[in-house]
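S.K.: Since chain A is already given, all that's left is putting chain B on it; use the hints.
What follows is each chain in one-letter form.
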Amino acid sequence: MRLIASVWPLCDDESVDDLVQLLTPAGQRVEHPDYRLALEAGELLGLYRDMVLVRRMDVEATALQRQGELGLWASCLGQEAAQVGSARAQRPTDMCFPSYREHGVAWVKGVEPLQILGLFRGVNYGGWDPRERYIHVYTLVIGSQALHATGYAMGVQRDDTDDAVVAYFGDGATSQGDLNEALVWASVNAAPVVFFCQNNQWAISEPVERQSRVPIAQRATGFGIPAVRVDGNDVLACHAVMSAALETARDGGGPVFIEAFTYRMGAHTTSDDPSRYRIADELESWRAKDPIDRMRSYLETEGILTADQQLALDADSDALAAAVRAGVLEMRNPEPLDMFDNVYAGAHPLVTAERASYASYLASFVDEARS
Amino acid sequence: MTRMQFRLPDLGEGLTEGEIVAWLVAPGDIVTLNQPIVEVETAKAVVEVPSPYAGVVLALHADAGQTVDVGAPILTVDTGGESTDGAGDAPADGAAAQREAVLVGYGVRTSAARRRPRRAEILAPGHISNGRPVSGQAATDYAVPTQLGAGSAAGADAAGSAVGAVSRTAGDERALAKPPVRKLARSLGVDLATVAGTGPGGLITREDVERAARPVPTVGRNVPFPASPLPPSYDTSRERRIPIKGVRKLTADAVVRSAYSAPHVTEFITVDVTPLMALVKELRADDAFEGVKVTPLMLFSWVLIEAIRRNPFVNATWDELAQEIVLKEYVNLGIAAATPRGLLVPNVKDAQDLSLRELCQGIAALAETAKAGKTPPADLHHGTITITNVGVFGVDTGTPIINPGEAMILALGVIRPQPWVFEGEIAIRQVTTVAVSFDHRMMDGAEGSKVLADLAHMLSSADAFPAWR
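Note that the protein sequences, when read in sequence, are chains A and B.
Using my numbering, the final residue of the first sequence is 371, and nothing's skipped along the way.
Using my numbering, the final residue of the second sequence is 1469, and nothing's skipped along the way.
Looking at chain A on its own, in the form it has when it is part of the complex:
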């Protein structure tokens, strides 16, 4: 009888030595030969403040869902550094294409939290004008925004500007056809797009080692796209790596793939229960690498963050949470016919006919007293 050995060379923790890191989990600054940090004290505080506020908003949104005020919420808990660091590295006119968990990116891009929460309450169909904020509306179909980003980047190329474009997606999206097609197009066209993958270890309940036998970043090199792995819980490293990648894209160097190695501390969405498929120890080990704790520790040690500033920030956080809660409770339902408004940029005969038909359907109802 043959003996079958289990072959499972996985991209586990042992293979993360190549992660770019500028701030250790303990909050200690370390240097990296290829990536230097060039940020002023005020900018460092800004990164920290963004992360703290985004987390507070995220926690409040989770509570609102549990209280029946949101239909769903996809928490970004634990991924604040990857999102804030990478978004802060962008210029205002760099367009980015998020999935549905990029609340930190949206925040940095100037999207109002209530515009995001309206989508999860089901009272708007996107929430903001992408042209105004340079961030596309959330994409719920896994990975398709990578194609949009690549197409947009090819447009930027043809406009001959030096803007760069960012596609945000997760580890699970790298298993999708759309993402792989986007890599092909971006690569052969040298499109100015940065593929920013937040590898949060879990595609809902599917661990990353069940999706790839090599580190996710290594997939990009097969398409001829240079790739770098960064500690996704290190906001400084994420900022530095993203800055360098954007420069490469701007300078005609073509696409860059970044794998930000991070962790989804919460559930996939509020409809999910991660305790059914992952062990508590894993969460604990990542808690020790928390992106906010290490930044706070660093800033306090350096004397950049004072106790008064922290108190003021705590107060701002609570005020933000209260405003978010009040704003959500006040949200009004959209008019049923609003859904036809932005299907096409201009008038379209089919949509016009459908709108008229639906209007007459709505008119066929009457109010009646509740029995």
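Hints may be right or wrong, so weigh each one.
Said to hold, decoys possible - Anything over 10 Å on all C-beta distances counts as not near chain B; from chain A, calculated:
#1 G68
#2 Y134
#3 G177
#4 M339
#5 A353
Claimed, not checked - Calculated pairs, BS3-like style, for lysine-lysine (alpha carbon to alpha carbon, straight line, at most 30 Å):
#6 K1281/B with K1371/B
#7 K289/A with K1349/B
#8 K1374/B with K289/A
#9 K289/A with K1044/B
#10 K1183/B with K1349/B
#11 K1281/B with K1044/B
Keep in mind that the hints were calculated from the coordinates and are not lab data.
Backbone N, C-alpha and C fix where the C-beta goes; we use that ideal spot for every residue, glycine too.
M.R.: Just chain B now, with coordinates in the frame of chain A:
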């Protein structure tokens, strides 16, 4: 005081109910905004629900263990504020003033009115209803008969009646019914146009269709039914239905999968374990085993691992896809445990590498975690062989079902003093019956019997424990 009522929200997407697992607050408690108040288990997850109000808990409206419909009140909080007395007793939901129902948040659905389809109440097209003309379009699209002529109850002859005809005048007109109900009607041969809908707005329901499909009694109209005493009812009024879910469902799936894919053979042997019981006693007194409560199950486990060393084919998996038998060079020893959640089989990983003391500790830890209902998923995966101890229930033995993916399972019966022929005399000895079920695809009676005989030999001599320190 202002009383705020919290209704169970839809915690997933499209859930209809949730089970109260545990209350984290009690009446009289002060709660703050977002303080966890209750654990609720839905079909999707167990979640902690945070309080939407700050104040004092006045009442809990559901008990732990109770299943509550989404939208039902679960908690009332006094949020302080002005005393409104009687007025405050009304369910003051989060936005009582808001008449409009929102898409989410069942707490604010207090709309006094609801909408129903405007219905042309079985009238000729063009008739005036509610002071407004009913357009021909609306009448044909949405009109449904709410009542049919007297003859309709008897069946198809209703079709000829004037009332029935109105409902079917226009060519494109369809009776109101949902697709599954239409399908049911088709399969039962019921013409929906002849059915009176009893649902909202004249919607034809499943029950309406089933009623219409029932054969019309042929008994003559004037013949009275014989007056006979009612027979005892054997219907649902005296039955209780328990939903199949959670661990019960998982167990059912696992045993069906195993029982109907792996042909089971079960063999038994009765064995004198007096020396083994003496060893249990000795180990309990031994300093090296301090802090571990040694049980016979642990020594049986040790012996089983030894038996696997001698008979490696029992620690294997049938790989149907690859058409291979996979022998495992590691033993992840599963222990079947009756837990508050139901039957779980957590396993001790790499049991073959453990010393007797470590094995005992491992099994004790598994049992303790399982008893507390805290077994993590990792403990339940990758088992290679299982022991089930039905002896704890006082029974002699059983015919266990193999844990899916494994080749064998060992069942332990109760150990008790029995008359036994010992050294040529009848003696009172500690005796038990051991059973193994094995997958006949992977081994035959010869192999299965050899394992069982090996086990019995080791158990009766305690020979397997020469180097237990």
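S.K.: Name the hints, by number, that the structure is in violation of.
M.R.: Numbers 1, 10, 11, in rising order.
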